[in-house]
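**Student:** If you want the building blocks of each chain, they are given just below.
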Amino acid sequence: MQKIVTRHFNQPDSHRLDFYLKDKGYEGARKALTQMTPAQVIDEIKKSNLRGLGGAGFATGMKWSFIPKDNPKPKYLVVNADEGEPGTFKDKYILEQDPHALLEGIIVTCYAIGSHKAYVYIRGEYLKSIERLQGAIDEAYKQGFLGKGIMGTSFDLDVVVHQGAGAYICGEETALLESLEGKKGFPRLKPPFPAVVGLFGCPTVINNVETLACVPPILVNGSEWFAKLGCEKNGGNRIFCVSGHVREPGIYELPAGTTLREIIYEHAGGIREGHQLKAVIPGGISAAVLTANEIDVKMDFDSLKAIGSMAGSGGIIVMDETTCLVWAAMVAARFFAHESCGQCSPCREGSGWVYRNVKRIYDGEGHPLDLQNLPGIVGNIGGNTICAFGDAVTMAVGSYVQKFRSEFESHIKEKKCDLTLNYAKTNH
Amino acid sequence: MKELLPQMDKITSRYEHKRAALLPVLHLVQEKEGLISPESEKEIAEYLGIPVVHVHEVVSFYHLFWQKPKGKCHFSVCQTTSCALLGGEEIIEHIQKRLGIKPGGTTPDGKFSLDVVECLGACEIAPMMQCNKEYVGFLNKKKIDELIEQNL
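Just so you know, the protein sequences line up as chains F and R, in that order.
So the first sequence is numbered by numbering that gives the first Met the number 0: it starts at 0 and just counts up by one.
So the second sequence is numbered by numbering that gives the first Met the number 0: it starts at 0 and just counts up by one.
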């Protein structure tokens with residue numbers, strides 16, 4: 000199987016320019032700048048069926064085409080490197096081990112949308128990523144791949160790294176823009192969409208790190224090649240992140256339509272000896288949890304949506320039979336309660352209420368009314384908020400109650416938890 | 000803060016609007032002083048030409064900006080799903096017991112502090128924490144005891 004975005008990983012000095020140049024480095028950018036029009040570049044990305052790999056899976060070419068051509072304001076590209084979706088750790092590897100792939104993707108994208116300034120917003124804790132990317136940027140400026148008149152053309156481009164400060168909500172594109180502008184990460188109402196009113200009120204494209212790293216290979220090898228690797232409407236490979244109760248947690252680059260069963264058992268080593276799969280989160284903590292019976296699903300955006308969950312960020316969290324799903328719901332609810340930005344009342348109040356409710360049930364202090372009220376409390380957040388965080392609380396925490404209701408009932412009836420975290424206890 | 004002015008000017012020059020330099024300037028000041036004091040908030044507000052309250056609301060919104068100094072060795076331990084599945088709760092309990100502090104606290108001698116945080120993007124090395132600038136994974140009680148010994 001051909002590796003695309005991970006092809007340079009685990010090799011000494013893969014982050015350096017001299018390494019990158021040896022493997023057709025910056026040829027995609029050169030081709031775009033010297034042989035193609037911006038419209039042709041957008042068209043090529045559209046045909047590749049590249050979908051956004053940060054979580055929403057929006058068609059990348061289509062997003063770029065929303066930038067208005069006749070708007071006199073400067074255009075911006077903002078790279079979302081605020082990787083914060085629990086279960087997700089792939090962008091870290093691209094930033095640390097192949098930062099030039101991201102830079103080349105940035106060059107092509109900026110050319111396509113008419114932008115001369117790109118900001119890379121990296122989560123504040125990713126210190127090595129920040130260091131490596133800044134190093135690559137310095138090399139690129141020295142080489143004439145960034146700055147005034149890049150690669151011997153008349154196209155100017157500057158790239159600035161911007162360090163985040165520890166707020167999950169800043170991974171939401173409009174909250175990211177607010178944070179970049181020097182404010183709290185409060186998401187904005189959409190419409191207007193960032194393509195029309197974005198950074199500093201100007202037309203802006205926001206793309207995930209991995210999405211942009213896919214762009215140079217598409218330019219070099221062609222959109223048809225990329226589209227064929229994946230499945231209908233979801234081209235290419237993607238990096239799946241596997242963690243939890245598997246033998247070999249880590250990143251795995253595979254075609255978009257690979258099944259969850261194959262990822263867990265044929266690549267991540269399967270469940271540890273003597274244990275059985277119980278539940279899986281397929282696409283980051285915001286995705287609806289799946290039971291062990293649902294793992295034959297193909298892991299592309301449309302297949303997961305069809306079964307009521309989402310491919311999201313590709314963060315796969317595996318839970319075996321030692322896991323109490325009321326406990327897992329509590330951990331998820333606690334995450335959302337902590338990370339709610341506080342702007343919208345249903346989320347600010349509701350996320351805390353959901354957490355306290357589920358914790359009460361888990362601690363054996365739940366009342367039957369708690370379980371009766373829970374679907375309504377959790378269900379009334381989503382759809383009533385400015386951003387999709389509220390929808391995530393509803394879909395994610397709600398899914399534990401829907402699919403593992405008997406465990407909630409038993410906690411209330413027995414006033415205790417039947418399971419313990421055996422794996423954790425036996426390893427400490 | 001005067002000695003940081005050249006660096007602050009360099010940072011500000013990268014942005015189309017001065018206010019956008021607020022987060023990087025806060026990082027710079029905290030790197031030097033270990034926290035963001037009310038005095039620093041006033042000076043930064045004046046430098047950027049924005050009301051002090053806008054600086055304060057940013058400092059209080061973001062987890063990585065500290066209004067009180069942390070210990071020389073600061074542990075940020077993850078408590079989200081993947082780490083919790085692999086014993087993160089026990090790690091947090093053990094650290095509290097060994098150091099005698101609660102999450103958010105600092106030891107009286109200023110050597111250690113503890114924060115319990117959400118996902119740090121390193122689930123493949125769970126259970127894990129950020130110790131000052133480094134990510135440390137595959138934690139167990141023994142590793143924690145060693146880390147504490149090394150930093151006493």
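For the record, the hints were derived by calculation from the structure and aren't laboratory data.
Among the hints, erroneous ones may be present.
[As the list claims (entries may be wrong)] Some, not all, of what chain R presents toward chain F, calculated at C-beta under 10 Å: (1) Met-0; (2) Leu-4; (3) Ala-19; (4) Leu-21; (5) Pro-23; (6) Glu-56; (7) Phe-60; (8) Cys-72; (9) Val-116.
[To be verified] FRET-style restraints, in silico, Cβ to Cβ: (10) F:Gly-146 - R:Pro-68: 34 to 42 Å; (11) R:Lys-142 - F:Gly-363: 38 to 46 Å; (12) R:Lys-17 - F:Gly-151: 29 to 37 Å; (13) R:Pro-37 - F:Asn-220: 54 to 62 Å; (14) R:Pro-68 - F:Gly-134: 51 to 59 Å; (15) F:Thr-36 - R:Asp-8: 24 to 32 Å; (16) F:Asp-69 - R:Gly-48: 45 to 53 Å; (17) F:Ser-153 - R:Gly-48: 30 to 38 Å; (18) R:His-16 - F:Gly-134: 21 to 29 Å.
No residue lacks a Cβ here, since even glycine has one placed at the ideal position from N, Cα and C.
**Student:** Which earlier hints turn out false for this structure, listed by number in ascending order?
**Tutor:** 1, 2, 8, 11, 14, 15, 16
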